[in-house]
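Residue numbers (this note's numbering), protein chains in the order written: chain Z, 419 to 676; chain H, 419 to 676; chain B, 419 to 676; chain U, 419 to 676; chain C, 419 to 676.
Where hints are given, some of them may not hold.
[Unchecked claim] Here are the simulated EDC-like pairs of lysine to aspartate or glutamate, each with C-alpha atoms no more than 16 Å apart in a straight line:
(1) U:Lys615 <-> U:Glu498
(2) B:Lys427 <-> B:Glu648
(3) Z:Lys601 <-> C:Asp447
(4) Z:Lys601 <-> C:Asp451
(5) U:Lys601 <-> B:Asp451
(6) Z:Lys491 <-> H:Glu535
(7) H:Lys476 <-> H:Asp434
(8) B:Lys601 <-> H:Asp451
(9) Z:Lys461 <-> Z:Glu648
(10) B:Lys615 <-> B:Glu648
(11) Z:Lys562 <-> Z:Glu498
(12) C:Lys601 <-> U:Asp447
(13) U:Lys601 <-> B:Asp444
(14) C:Lys491 <-> Z:Glu535
(15) H:Lys481 <-> H:Asp457
(16) H:Lys476 <-> B:Glu541
(17) C:Lys481 <-> C:Asp457
(18) C:Lys476 <-> Z:Glu541
(19) U:Lys476 <-> C:Glu541
(20) H:Lys601 <-> Z:Asp444
(21) U:Lys491 <-> C:Glu535
(22) H:Lys601 <-> Z:Asp447
(23) B:Lys476 <-> B:Asp457
(24) B:Lys491 <-> U:Glu535
(25) H:Lys491 <-> H:Glu535
(26) Z:Lys476 <-> H:Glu541
(27) H:Lys427 <-> H:Glu463
(28) C:Lys601 <-> U:Asp451
(29) C:Lys601 <-> U:Asp444
(30) B:Lys476 <-> U:Glu541
(31) B:Lys601 <-> H:Glu535
(32) U:Lys601 <-> B:Asp631
(33) H:Lys491 <-> B:Glu535
(34) C:Lys601 <-> C:Glu568
(35) H:Lys601 <-> Z:Asp451
(36) B:Lys601 <-> H:Asp444
(37) H:Lys461 <-> H:Glu648
(38) Z:Lys601 <-> C:Asp444
Hint data in this document are derived by calculation from the structure and do not stem from the laboratory.
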Amino acid sequence: MNNFLRNGKGMLLAYDQGFEHGPSADFNDKNIDPNHILDIAVKGEFTGLVLHKGIAEKYYNGKVPLIVKLNGKTNLPRGEPLSTQICSVEQAISLGARGVGYTIYLGSAHESVMLQEFGEIQEDAHEEGLPAIAWIYPRGEAVKNDTAPEIVAYAARAGLEIGADAVKIKYTGAPDTFQWAVKAAGATKVFMSGGPKAQTDETFFSQVKGAMDAGATGLAVGRNVWQHQEPLKMASALKEIIFSGGAIQKALQLVVAQ
Amino acid sequence: MNNFLRNGKGMLLAYDQGFEHGPSADFNDKNIDPNHILDIAVKGEFTGLVLHKGIAEKYYNGKVPLIVKLNGKTNLPRGEPLSTQICSVEQAISLGARGVGYTIYLGSAHESVMLQEFGEIQEDAHEEGLPAIAWIYPRGEAVKNDTAPEIVAYAARAGLEIGADAVKIKYTGAPDTFQWAVKAAGATKVFMSGGPKAQTDETFFSQVKGAMDAGATGLAVGRNVWQHQEPLKMASALKEIIFSGGAIQKALQLVVAQ
Amino acid sequence: MNNFLRNGKGMLLAYDQGFEHGPSADFNDKNIDPNHILDIAVKGEFTGLVLHKGIAEKYYNGKVPLIVKLNGKTNLPRGEPLSTQICSVEQAISLGARGVGYTIYLGSAHESVMLQEFGEIQEDAHEEGLPAIAWIYPRGEAVKNDTAPEIVAYAARAGLEIGADAVKIKYTGAPDTFQWAVKAAGATKVFMSGGPKAQTDETFFSQVKGAMDAGATGLAVGRNVWQHQEPLKMASALKEIIFSGGAIQKALQLVVAQ
Amino acid sequence: MNNFLRNGKGMLLAYDQGFEHGPSADFNDKNIDPNHILDIAVKGEFTGLVLHKGIAEKYYNGKVPLIVKLNGKTNLPRGEPLSTQICSVEQAISLGARGVGYTIYLGSAHESVMLQEFGEIQEDAHEEGLPAIAWIYPRGEAVKNDTAPEIVAYAARAGLEIGADAVKIKYTGAPDTFQWAVKAAGATKVFMSGGPKAQTDETFFSQVKGAMDAGATGLAVGRNVWQHQEPLKMASALKEIIFSGGAIQKALQLVVAQ
Amino acid sequence: MNNFLRNGKGMLLAYDQGFEHGPSADFNDKNIDPNHILDIAVKGEFTGLVLHKGIAEKYYNGKVPLIVKLNGKTNLPRGEPLSTQICSVEQAISLGARGVGYTIYLGSAHESVMLQEFGEIQEDAHEEGLPAIAWIYPRGEAVKNDTAPEIVAYAARAGLEIGADAVKIKYTGAPDTFQWAVKAAGATKVFMSGGPKAQTDETFFSQVKGAMDAGATGLAVGRNVWQHQEPLKMASALKEIIFSGGAIQKALQLVVAQ
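Could you put together the complete structure from these sequences and hints?
In structure tokens:
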């Protein structure tokens, strides 16, 4: 994962929402444009950028280390979630990727399909010297609460067991329960999933701070940055928390700074 | 996609309806004959022709750039739509194709099968230097209205994310909503899907004009041309709108011209 | 298809019923023996013989051009029909085949499986220089009447679209409706499917005559020949209609001739 | 099949019941031991021995020609029967097999899976010069009576059509109906399936005699030999019927002989 | 299996529970750490260590012979159990494995998937000179009691039939019934599955003693060791029973020894 870390910490900009949620759910006239996001990634000094292969192929400029998400789905179909591979490790490398990502809906009736695909991807990626990063989201009828501490810890641990170099998991709501998830992940690095735009900056910063205090390696964030009125200030604030261990108040000041 | 563009715009003649809808639904004694369609494609100066492999193999004459549709289904089976691959990229090339097409029923319970197949096709096609064109039709029980603006925009965006060089999507009904879909598609070129024969020429021209004004690259049309009493005049009228940015009235005049 | 034609017409002897229907449904002590059928094929001057791989391997004598059926099923399972590949194109060639056959149950919930398998077979066969022949039978819950003109025409057209060199389809009941199916098939040659033994020879001859008059290339027949009391006379009568364009009355005379 | 015949007849010892039925259903302290069975196979002068790969690998001594069963299942799962491949033709050969076996549950909703796997196995086996033997058992909800004459004949015929060199089928209950099955099998050799231990030796001998009189090539037997108090005498008695055409009475004498 | 035996007996430390049950179900602050477990494995003189590929890759130190579990699942999804392959034999070898493990849920509606995967793994492993070890757990709606003697014996026998070099099965509750399972396994070595932490040490020791007396080769244990207050004393006690044939009382003394 060193490709995506600065002093052992990382801040990844995720931009797969156009496929996973649809453009109308998350985008406005500005952030619908991939170039706008790439710009934020560069100027915001993100340590990694997460794209599906199509956007990588047509927009990626090589300035921020690239993670290509190898699977994806829309949010249209009903039933148990299934996201299958749409890009090979080899193609990701040809697009400039220095890491690959894959989403596993743990608990889905189709869990075994995704675990098996990730198994092959992990082997391929390691043979090529790339880290394999797992987005592990417990979901499906069997999962009642996907931020319950034991469910998040399960996601983290599953990532370690299946050989993920890093996992992206949801925040549990409190540092002490998230710490257990970090512990469960062991040598697998933990990135907190940014999720939908928080109601206030303070709320979001306290989550990120909580995750970092609990031992997370970093944050994978999308909407909380590029849906923000001031994405670059938001990036500065997050860097303060993630890389400098700064306080929430300091981060808040950076957001409102002129 | 430059293989299929003239001054950056394109007009594709689609002729896969015999498989997708059956010959009795769409054809008469004349247009049931592939040679008749090929003739229209040449004389109507279309920039591309869309065929399944069987017709390509037995009729294609090399005069208009060819897109081979790599998957297909009949409209007979009930249940969630699934269209699987029946032609390889390699075979398409051997038939003279300069681009390949594939239909994805976004939102179908079988969405993942089609996304995965397209993923491999896209990789193969790009390795061979061919564009991969996605017919993206949201369909299935989960899709209530397949021309709703947010659904059409989702189709367009999915095309970009999965690496389609062009998408064929339905018209939303108005230029401003279609513009959002074009924006969502980003660097992926947008072709409006012609659909079933419009009630009047004016209706159809206003859709095409709306799509072009909204930023579409062109039109993929079948029935509105070859079911028309005057296919070549219809082609002239459409060229006026697509390539010359002409007005609807001008197009209407070309259709009735002697 | 020239391997299986004489002066542009063909008469194929089909003998896959032991697998498709079971021996007790169709056979008697005589026609249960493949050697008896091979004898009829030779003496009756058929232009092709259709066998599954097992009978081809153990009985075929090289005297009549061979089509190996590459898929098959029994009539025992309930539910939507599915017939999967049991013989490769390569194995068929090693058994002496000069053409390959495959059955597609159009409209079945498993339609896509068969379309996909045929797609690969068609590509393989053409690479090897062999024609690919599709038995296209619309069937399954979605198909109410499998001899309805528009359904038969759909079968014919699907054959053309997916690259079949010939299709075997059911008779529609009248020359004018069958003519539409032949037209739909375009450059794909149409063979009328003989089906179960007709109540009278005259009935069957009028069907064959109707199909030939409608433009069919020929007939693929089994039970109406080898369940007949006089298979060789039946063959002579059919040759009269198929190759010489003879009248039904003339054919009837040949059957009763000493 | 000559690998497994003596003067054109065969007597195969089957020992796959530990997997197919479980050890507690069929075994006692003696016959649970594969060495005991191998001993019977040698001393009883069986012409072939049928084992799954595990027992072949750990026990087979090369003394009796070996058939490795390539698929298997337990009798635990409910629903339509499905038995999939667990050993390749190549591995079977490496274990010393001179023939391969495969079970097809004809009529099962999963029939197509097994027909397809057997298709590939048959091709592989013939390329390697080995016979492919099909255990064909009609089973599943669609099959009301698996020893009905027309069902047994269907099994036999299916074996011929798919290229089996021999089929193992159940006895129909009478020589005349079994004769029809043998006829249906044509050039494919028919082995009667021994089945569960018969109530009396006489009952079993009359079945075997009936099958042989009907033209069977031999018997594949397990429980009726190794569950018998005197397996070797039982083997002698069966040899009398199978290889010498002896009468039931003579066989009965051999069983009780000191 | 000699890689994992000492004087013909074996004691394997299993640590796949973080994936199979989740970290919160089985772990505390200490045993959540793989290094802690590796330490126990070394100091406790275990003859083998069982890990999933992720932990093997990031923690394994080469000190205790390694078995990599090649499949896995979480306990989240409902329905019939299915655990599919997430690591290849080749990758396991590259991680230092000297044996591979695979879980089969015998009786599950997906039994055939796992039997087939194990079939290929077993062939691969033996080609590479590695033992293939099967965790055989009868489970699913069809299995009422997974420790019933005939069910455990079925698991053992299935292991032998499919070529497992060792099986891990549950204890039946009594030595005489477990002896039958050991007999059913024949040349396949039997390891008793430790299962959840027993209520008292005596209970657990009497199970292990019972299994060893019944002919087991050893024990695969996890929670009863590393959830114990004194894991190393527990290991000493188990070694006494397994390798020295010691009495339960002696084992109990070793646990409480200072």
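Do the hints match the structure? See the list:
With a C-alpha separation of about 25 Å, the suggested pairing of Lys615 of chain U with Glu498 of chain U is violated against the 16 Å cut-off. Distance check on the hinted pair: Lys427 of chain B and Glu648 of chain B sit about 23 Å apart at the alpha-carbon level, beyond 16 Å; violated. Distance restraint check for Lys601 of chain Z and Asp447 of chain C: the Cα-Cα separation of roughly 8 Å lies within the 16 Å cut-off, and the hinted pair is therefore satisfied. This hinted pair checks out: Lys601 of chain Z and Asp451 of chain C have alpha carbons roughly 8 Å apart, not beyond 16 Å.
Between the alpha carbons of Lys601 of chain U and Asp451 of chain B the distance comes to roughly 8 Å, so the proposed pair stays at or under 16 Å and holds. For the proposed pair Lys491 of chain Z and Glu535 of chain H, the alpha carbon gap of about 13 Å is at most 16 Å, so the pair holds. At roughly 14 Å between alpha-carbon atoms, Lys476 of chain H and Asp434 of chain H fall within 16 Å of each other, so this suggested pair holds. As the CA atoms of Lys601 of chain B and Asp451 of chain H are separated by approximately 8 Å, the hinted pair is consistent with the 16 Å bound.
Between Lys461 of chain Z and Glu648 of chain Z the alpha-carbon distance is near 12 Å, which keeps this suggested pair within the 16 Å criterion. A threshold of 16 Å between alpha carbons decides the hint, and for Lys615 of chain B with Glu648 of chain B the separation of about 13 Å falls inside it, so the pair holds. Restraint check for Lys562 of chain Z and Glu498 of chain Z: the C-alpha separation of about 13 Å stays at or below 16 Å, so the hint holds. At most 16 Å may separate the alpha-carbon atoms for a hinted pair to count; Lys601 of chain C and Asp447 of chain U meet this at roughly 8 Å.
For a cut-off of 16 Å, the pair hint linking Lys601 of chain U to Asp444 of chain B stands: about 14 Å separates their Cα positions. Our distance criterion of 16 Å between C-alpha atoms is met by Lys491 of chain C and Glu535 of chain Z, whose separation comes to about 13 Å. About 10 Å separates the Cα atoms of Lys481 of chain H and Asp457 of chain H, which keeps this hinted pair within 16 Å; it holds. For a cut-off of 16 Å, the pair hint linking Lys476 of chain H to Glu541 of chain B stands: about 14 Å separates their Cα positions.
Proposed proximity of Lys481 of chain C and Asp457 of chain C is supported: the alpha carbons are some 10 Å apart, at most 16 Å. Of the pairs offered as hints, the one joining Lys476 of chain C and Glu541 of chain Z holds, with about 14 Å between alpha carbons and a cut-off of 16 Å not exceeded. Proximity of Lys476 of chain U to Glu541 of chain C is assessed by CA-CA distance (about 14 Å); at most 16 Å being required, the pair is judged to hold. As the CA atoms of Lys601 of chain H and Asp444 of chain Z are separated by approximately 14 Å, the hinted pair is consistent with the 16 Å bound.
Of the supplied pair hints, the one linking Lys491 of chain U and Glu535 of chain C holds, its CA atoms being roughly 13 Å apart against a limit of 16 Å. Restraint check for Lys601 of chain H and Asp447 of chain Z: the C-alpha separation of about 8 Å stays at or below 16 Å, so the hint holds. This hinted pair checks out: Lys476 of chain B and Asp457 of chain B have alpha carbons roughly 15 Å apart, not beyond 16 Å. For the hint pairing Lys491 of chain B with Glu535 of chain U, the CA-to-CA distance comes to about 13 Å; that is within 16 Å, so the pair holds.
Of the pairs offered as hints, the one joining Lys491 of chain H and Glu535 of chain H holds, with about 15 Å between alpha carbons and a cut-off of 16 Å not exceeded. Our distance criterion of 16 Å between C-alpha atoms is met by Lys476 of chain Z and Glu541 of chain H, whose separation comes to about 14 Å. For the hint pairing Lys427 of chain H with Glu463 of chain H, the CA-to-CA distance comes to about 12 Å; that is within 16 Å, so the pair holds. For the given pair, Lys601 of chain C sits about 8 Å from Asp451 of chain U by alpha-carbon distance, which is consistent with the 16 Å threshold.
Proximity of Lys601 of chain C to Asp444 of chain U is assessed by CA-CA distance (about 14 Å); at most 16 Å being required, the pair is judged to hold. Only pairs whose Cα atoms come within 16 Å are accepted, and Lys476 of chain B paired with Glu541 of chain U is accepted, the gap being roughly 14 Å. This hinted pair does not check out: Lys601 of chain B and Glu535 of chain H have alpha carbons roughly 33 Å apart, beyond 16 Å. For the proposed pair Lys601 of chain U and Asp631 of chain B, the alpha carbon gap of about 40 Å is over 16 Å, so the pair is violated.
For the suggested pair Lys491 of chain H and Glu535 of chain B, the alpha carbons sit about 13 Å apart, so the restraint of at most 16 Å is met. With a C-alpha separation of about 12 Å, the suggested pair Lys601 of chain C and Glu568 of chain C falls inside the 16 Å cut-off, and the hint holds. Between the alpha carbons of Lys601 of chain H and Asp451 of chain Z the distance comes to roughly 8 Å, so the proposed pair stays at or under 16 Å and holds. As the CA atoms of Lys601 of chain B and Asp444 of chain H are separated by approximately 14 Å, the hinted pair is consistent with the 16 Å bound.
For the given pair, Lys461 of chain H sits about 12 Å from Glu648 of chain H by alpha-carbon distance, which is consistent with the 16 Å threshold. Taking the CA atoms of Lys601 of chain Z and Asp444 of chain C, the gap is about 14 Å. The hint holds against a cut of 16 Å.
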